[in-house]
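Trainee: Construct the complete structure from the given sequences, taking the supplied hints into account.
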Amino acid sequence: MTHLSRLLAWVRTLPPYLGFFALLVAARWWLVPASGLAARVGPAGSGEAALVTWALAVAVAGVGAWWVLPLAGSVYDAFALFLGSPLFQRRWRKFTTLRRGYYSFLIILGLYVASFGAEFLINERAIAVRYQGKWHFTLFSFARARDFGMTGYGMPNYRRLRELYQQQARERAARLAAGTATEQDRRYREEWGDDLVILPLYPYGPIESLLHELPGRPPHPPTWLSSAWRLCYWDEGWFELPATPPADLLAQRPGWRQLEPLQVYKAMALEGLLPLKPGITPPRPFQHLLGTDDRGRDVFARMVYGFRISLTFALVVTFICYALGITIGALLGYYGGTFDIILQRFVEIWSAMPFLYTVMIISSIMVPSFTLLALILCLFGWMGMTYYIRAEFLREKARDYVAAARAIGCTDGAIIFRHILPNALTPVISYAPFAIVGNIGALVSLDFLGFGLPAPTPSWGELFGQGLANLSKPWLGLSPMVALFGTLLLVSFIGEAIREAFDPKEYSRLR
Amino acid sequence: MTTYFLQRFLLMIPTFIGITFLCFTVTRFVPGGPVEQAVLRYQQLQALTGEGGAGDAGGSSATDGGPVISEETMQKLRAIYGFDKPFYLAYLSWLGRVVQLDLGTSDTFARPVWDVIRDSLPVSLWFGLTGFILSYTICIPLGVWKAVKHGSAFDTATSVLVFIAYSIPGWSAGILLLLLFGGGSFWSVFPLGGVSSAQIGPDSYLAGFLLEGARVEDIPDDERAKHPQLRPGQFINSRHPAFAAVPPAKRQRLTRGSSDDLSWFGQVLDRIWHMILPVFCYVLGMFASKTVLMKNSLMENLGQDYVRTAFAKGLSERTVIFKHALRNSLIPIATGLGHMLSLVLAGSYLIEKVFNIHGFGYLGYTALVARDYPVTLGILVIASSLKLLGNIFADMLYCAIDPRIRFS
Numbered sequence: 001m002t003h004l005s006r007l008l009a010w011v012r013t014l015p016p017y018l019g020f021f022a023l024l025v026a027a028r029w030w031l032v033p034a035s036g037l038a039a040r041v042g043p044a045g046s047g048e049a050a051l052v053t054w055a056l057a058v059a060v061a062g063v064g065a066w067w068v069l070p071l072a073g074s075v076y077d078a079f080a081l082f083l084g085s086p087l088f089q090r091r092w093r094k095f096t097t098l099r100r101g102y103y104s105f106l107i108i109l110g111l112y113v114a115s116f117g118a119e120f121l122i123n124e125r126a127i128a129v130r131y132q133g134k135w136h137f138t139l140f141s142f143a144r145a146r147d148f149g150m151t152g153y154g155m156p157n158y159r160r161l162r163e164l165y166q167q168q169a170r171e172r173a174a175r176l177a178a179g180t181a182t183e184q185d186r187r188y189r190e191e192w193g194d195d196l197v198i199l200p201l202y203p204y205g206p207i208e209s210l211l212h213e214l215p216g217r218p219p220h221p222p223t224w225l226s227s228a229w230r231l232c233y234w235d236e237g238w239f240e241l242p243a244t245p246p247a248d249l250l251a252q253r254p255g256w257r258q259l260e261p262l263q264v265y266k267a268m269a270l271e272g273l274l275p276l277k278p279g280i281t282p283p284r285p286f287q288h289l290l291g292t293d294d295r296g297r298d299v300f301a302r303m304v305y306g307f308r309i310s311l312t313f314a315l316v317v318t319f320i321c322y323a324l325g326i327t328i329g330a331l332l333g334y335y336g337g338t339f340d341i342i343l344q345r346f347v348e349i350w351s352a353m354p355f356l357y358t359v360m361i362i363s364s365i366m367v368p369s370f371t372l373l374a375l376i377l378c379l380f381g382w383m384g385m386t387y388y389i390r391a392e393f394l395r396e397k398a399r400d401y402v403a404a405a406r407a408i409g410c411t412d413g414a415i416i417f418r419h420i421l422p423n424a425l426t427p428v429i430s431y432a433p434f435a436i437v438g439n440i441g442a443l444v445s446l447d448f449l450g451f452g453l454p455a456p457t458p459s460w461g462e463l464f465g466q467g468l469a470n471l472s473k474p475w476l477g478l479s480p481m482v483a484l485f486g487t488l489l490l491v492s493f494i495g496e497a498i499r500e501a502f503d504p505k506e507y508s509r510l511r
Numbered sequence: 001m002t003t004y005f006l007q008r009f010l011l012m013i014p015t016f017i018g019i020t021f022l023c024f025t026v027t028r029f030v031p032g033g034p035v036e037q038a039v040l041r042y043q044q045l046q047a048l049t050g051e052g053g054a055g056d057a058g059g060s061s062a063t064d065g066g067p068v069i070s071e072e073t074m075q076k077l078r079a080i081y082g083f084d085k086p087f088y089l090a091y092l093s094w095l096g097r098v099v100q101l102d103l104g105t106s107d108t109f110a111r112p113v114w115d116v117i118r119d120s121l122p123v124s125l126w127f128g129l130t131g132f133i134l135s136y137t138i139c140i141p142l143g144v145w146k147a148v149k150h151g152s153a154f155d156t157a158t159s160v161l162v163f164i165a166y167s168i169p170g171w172s173a174g175i176l177l178l179l180l181f182g183g184g185s186f187w188s189v190f191p192l193g194g195v196s197s198a199q200i201g202p203d204s205y206l207a208g209f210l211l212e213g214a215r216v217e218d219i220p221d222d223e224r225a226k227h228p229q230l231r232p233g234q235f236i237n238s239r240h241p242a243f244a245a246v247p248p249a250k251r252q253r254l255t256r257g258s259s260d261d262l263s264w265f266g267q268v269l270d271r272i273w274h275m276i277l278p279v280f281c282y283v284l285g286m287f288a289s290k291t292v293l294m295k296n297s298l299m300e301n302l303g304q305d306y307v308r309t310a311f312a313k314g315l316s317e318r319t320v321i322f323k324h325a326l327r328n329s330l331i332p333i334a335t336g337l338g339h340m341l342s343l344v345l346a347g348s349y350l351i352e353k354v355f356n357i358h359g360f361g362y363l364g365y366t367a368l369v370a371r372d373y374p375v376t377l378g379i380l381v382i383a384s385s386l387k388l389l390g391n392i393f394a395d396m397l398y399c400a401i402d403p404r405i406r407f408s
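Heads up: the protein sequence lines correspond to chains A and B, in order. Numbered according to the working numbering, the first sequence spans residues 1 to 511. Numbered according to the working numbering, the second sequence spans residues 1 to 408.
Since no wrong hints were added, every one of them can be taken at face value.
Pulled a few chain B residues facing chain A out of the computed Cβ check, cut under 8 Å:
(1) 175
(2) 178
(3) 179
(4) 383
Computed footprint of chain A on chain B; a stretch qualifies when at least three of its residues, placed anywhere within it, have a C-beta under 8 Å from a C-beta of chain A:
(5) 9–18
(6) 161–173
(7) 180–188
(8) 354–365
(9) 384–392
Bear in mind the hints are in silico, worked out from the structure with no lab data behind them. Note that the coordinates shown come from a computational prediction; the quantities given were computed from them, not determined experimentally. Even glycine gets a Cβ: it sits at the ideal position worked out from N, Cα and C.
Mentor: Below you can see the structure in the form of structure tokens.
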């Protein structure tokens, strides 16, 4: 920890223009292209787009290097002071004793950290491939199917590749045993070893369509739900029907005797008494835990990636909103006067907007990316925190320690960030979980309405929409329901415990 | 005080202008607006009728995907949709018309925006108000009881309930309820949405409330001539003016129909049947915050000195809580009434979308999807003015209820 803080201290001694160039590079090649703003001015590669990209990048880097970074440094100091204070330590210890909230915190933190390793666990790409003795790490790099001895173009289907390798290995073993081995077979045995595909634990991706691998039409039921699958096979007409209903079965089930033969066959099929036609292989029981959605994509994979995106989005939006809210609230509270009155009016005006509808209007028109949607939500979400910070600053700036700091000649910046801010951060901590709940909810609702993240992004709200459109396919609606409910419940448990630990209200009891 | 509220009313004007200007500007500067859509429709029409197809029009039009539209036509199109002026002038003329309560004509409905909105408002109000009143009648007693029994098993149990309600957004609970009770995969108890039944079959719950009716063929010819819109094979119900002329022997109880064919009581039942799930969602959305607010407010008051004094002079617990403390703790709840209208209207995009209720929020959603900017902006005008008025109204209520509050 001390190494980290020493490193941070060293970084902060560097001159600001270094930060400017670093930010310029980041903004020019990542942030501005990611927001997709330049593409609205002209096609990629055109003069206007390049001009806008460069101008935005320079603006972002300038503001970042001379305003945001120093500000972030000061806020970091304030938080370090706040988090290092004995009062905070005591409150944190109290938080850890509130079991419900603390365990919720640990669960959410664990799941969130684990979700960053989701590519290694849930992915349609293989982790590594050994082909003719050479290892290829294919998780993040693109590889052609031809490089691995498959036919066809584009990315290989690694699940098929593994089957192919296993089959080839069997054939090779047979050839070796029969003594008709080729030169290549000998090299495989002596030099390369058998070809290998190391797949992730759950080898299906969130965006990959499984239409060609699963029988029937999507949405497919969860693979362990055999009754629903039998209904699918029946609808497709994939059962081998006997010539007449078997007499011994009818003797067992007196209720079936009045039925037409076709109905008897259907009843038999749904009970699993009929064989499938040859050539149709049913999926393994735990192949797709939550089935597939209406485009044949694995729901479980989409849920997991959707969790990471939702939580990241909520964290980013909450962070930016709070950073803006803290800065503006601090300035309002500290300087007061005309500045305060004018900006207060502005905040009032801004917060009187019909939030959801305005966001819907903007994002329906601009088809937002992750960055742009976060920016839009931040634009309308920062006002809440200003009120609290402003009130805290108004109260704190009348205290003696502020007067003392001023008397020894501290600058305004030092007073705001080093002296007052560490004492004004309690509402930030205690409202943050509820803001996160709100932002997750906002993203899911926008996605549900179709004004959220662009189409193939795995999102819970989009699954909700599919669930509503396919009410007879309950796994589509229930999966995001359970996930959203669980996440929000855990986060609000954290919020309750934090509030209890940080902002204790002692109520008198009647008895 | 009067000057304060006068100031607030005057401050509404810049706010209103700011909101509408932002959204108006956004609608102006993005591709895919009404002019482009009209051009696209025109091109599709041309392609369908085969006039000036892409094949013989040369290379330039083939890249555009359709025949070229002359500059004159484009100018006319722009003028129709008001895109011929720069955006600030267009905004000013739009604002001038809004001030005269003219919101323009909808692009998709081809009717005045004002009429379209007026049709949808009562539906939203009906659902929203019922939900609002129900949530107050549930949350206030529950909050009071939780405060009185603070720390008891009842308090803990209902706290868990409050947490669960807080963690389920109302609209997603609607999807869950439709999944469970809409007949898709589990039980078929409630309708899938809408405001009233479009079809009532013989096996419906409401079949017993269908009116008497008659076949159109059984109406005497001279009476039938007065109603040319009736087709053979249809049924009329006893509310129809032609029904009186039908001979009693030909009258029969209807076996199928829509909600119009229900008796008065049946229509009420039908309405309630359609309202249960959406209203539950409305209540769920407000349940957690209102209950906690009520509880905390009463707890706050129970700790005050005047409550101790009241206890000390020997008043019963019932009198102290319900006559002294409760009155004061209702103040923050009552001010919520000020936001009622905007909450009822603005908070319902999602629930109305889920339950397919063609109300205000649903209209806003469909207008956005169809890029119907006059309706979109009209709804924005109404929603934002309601929100602004609601804020002021809440403060006025606050002043009226609590004489200690002085705004200046």
